[in-house]
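*Asks:* Take a look at the letters that make up each chain.
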Amino acid sequence: ETGVTQTPRHLVMGMTNKKSLKCEQHLGHNAMYWYKQSAKKPLELMFVYNFKEQTENNSVPSRFSPECPNSSHLFLHLHTLQPEDSALYLCASSPPGRDYEKLFFGSGTQLSVL
Amino acid sequence: TQLLEQSPQFLSIQEGENLTVYCNSSSVFSSLQWYRQEPGEGPVLLVTVVTGGEVKKLKRLTFQFGDARKDSSLHITAAQPGDTGLYLCAGDGNAGNMLTFGGGTRLMVKP
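In order, the protein sequences belong to chains S and H.
So in the numbering used here, spot 76 of the first sequence is number 76, and the numbers just go up one at a time.
So in the numbering used here, spot 109 of the second sequence is number 109, and the numbers just go up one at a time.
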């Protein structure tokens, strides 16, 4: 148990659906991340938020829309996804200060797009 | 773009054997981390190495950071089935909150 909770754990959606992934942490961390993990690729950073402000958008298509209402919660809104977007979506957080690079991951949402 | 290459990609061994996995790059990293990911879970941080040539031990796991801070290795002594999982290295290139991850080594330890 890392202290980072993601819901849902599994999600199946059609290409015309709209869904949201949720992540929360109560570790006092100020940075939160979305990563995509596909079968044959390294972990890909999608978005970074520091103190609720988006600091990185790693060339992610607009069909993925992040939202960070406060430092403890992070959402990823999904719409009109493609089958190639099927992957494990991991949320992570990291503490402030010199340990900023130490990531605490949630268990992920396994997403299947039909 | 900084890249980290891990080898081997897959490793299947018997309980009690020793193994080493490697994480290599042409880029210099200010620190490097190793994570283990079990099926159905997210990666869990095992160790961070910061100084060139640094060696850290975590029970039967020994982590080494290369002198030039471009590569790292993970050695497991007397592997156990509980060591099964995906081992990921990740480098901090001082680009803010953006770690570079390797492709991972998937380890299976058979009883």
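Where hints are given, some of them may not hold.
The calculated label-pair distances, taken between Cβ atoms and stated as ranges, are [what the hints assert, rightly or not]:
#: 1; chain 1: H; residue 1: Pro-111; chain 2: S; residue 2: Glu-67; range: 44 to 54 Å
#: 2; chain 1: H; residue 1: Thr-77; chain 2: S; residue 2: Pro-83; range: 40 to 50 Å
#: 3; chain 1: H; residue 1: Met-98; chain 2: S; residue 2: His-10; range: 40 to 50 Å
#: 4; chain 1: H; residue 1: Arg-60; chain 2: S; residue 2: Ser-112; range: 48 to 58 Å
#: 5; chain 1: S; residue 1: Ser-112; chain 2: H; residue 2: Val-44; range: 38 to 48 Å
#: 6; chain 1: S; residue 1: Leu-27; chain 2: H; residue 2: Thr-77; range: 26 to 36 Å
#: 7; chain 1: S; residue 1: Pro-83; chain 2: H; residue 2: Ser-27; range: 47 to 57 Å
Read the hints as simulated data drawn from the structure, not as lab findings.
Ideal placement from N, C-alpha and C gives every residue a C-beta, glycine not left out.
*Asks:* With reference to the structure, classify each hint as holding or not holding.
*Replies:* Hints, verified against the model:
1. Judged by the Cβ atoms, the range 44 to 54 Å given for H/Pro-111 and S/Glu-67 holds: they are separated by roughly 46 Å.
2. In this structure the supplied range 40 to 50 Å holds for H/Thr-77 paired with S/Pro-83, their Cβ-Cβ distance being about 43 Å.
3. For H/Met-98 and S/His-10, the Cβ-Cβ distance of about 28 Å falls outside the hinted range of 40 to 50 Å, so the restraint is violated.
4. Evaluation of the 48 to 58 Å hint for H/Arg-60 and S/Ser-112 yields a failure: the beta carbon distance comes to about 37 Å.
5. Checked against the given bound of 38 to 48 Å, the beta carbons of S/Ser-112 and H/Val-44, roughly 25 Å apart, lie outside it.
6. For S/Leu-27 and H/Thr-77, the Cβ-Cβ distance of about 32 Å falls inside the hinted range of 26 to 36 Å, so the restraint holds.
7. For S/Pro-83 and H/Ser-27, the Cβ-Cβ distance of about 33 Å falls outside the hinted range of 47 to 57 Å, so the restraint is violated.
In this structure, the earlier hints numbered 3, 4, 5, 7 are contradicted, and the remaining ones agree with it.
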